[in-house]
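Read left to right, the sequence shown gives residues -19 to -1, 1 to 165 (mature numbering (1 follows the signal peptide of the UniProt record, and there is no 0)).
Just so you know, the hints here were simulated from the structure itself, not pulled from any lab data.
In this text, all values refer to a predicted model and were calculated from it rather than measured experimentally.
For lysine to aspartate or glutamate, the following EDC-like pairs were computed, each having C-alpha atoms within a straight-line distance of at most 20 Å:
1. K74 with D97
2. K74 with E50
3. K147 with D121
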Amino acid sequence: MKTFASLALTGLLAPAIFAAETPPPAYQLAAQSVGVPSTVLFSLALQESGTRLNGRYIPWPWTLNIAGEPFRFATRSAACTALLIGIQEVGAKRVDAGIGQVNIGWNGHHFKSPCDALDPYQNLLVSAQILRGWYDETGDWTAAAGKYHRPAGGEAAARYRLAFGKQLQRVAGDKLTTLVVTNP
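Go ahead and model the full structure; you've got the sequences and the hints to work with.
Rendered as structure tokens:
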């Protein structure tokens, strides 16, 4: 099991200040593999699982949302136990897991087991794949993020697009115009 220190060293928990220049390597690799701008994937993870830790805002890999209630765990093992209980109690379609908050009911087929969604590298890759699919449909990264969060659209997706847009602006900064113009 990885500790906080090892996650920080691998670039999964790099501070958002670092991301203003370049997202951490794990985000770059997952994003590049499916043609998503790494700033978009990092912004999505910040919006989905971001939390304050030691004065920094970072994505947290062992985050769950069970029936609309967020939970953060110190270890993958604790998150896995809660994930399995949550699936039993409320059903997989009401459980989101991991750094990208992948919905287990709709997208759990991307993982060998539900707890594999708590592997930050696998979760980032699946998140990037889902996001890319929505981008291919919408042609817009902010709209794709809204669909990622709430495929049915509506007010929840609109609020999410606004919040995601603020994260993306903070992460990409002046590079945002280039991102919109030059990425597929």
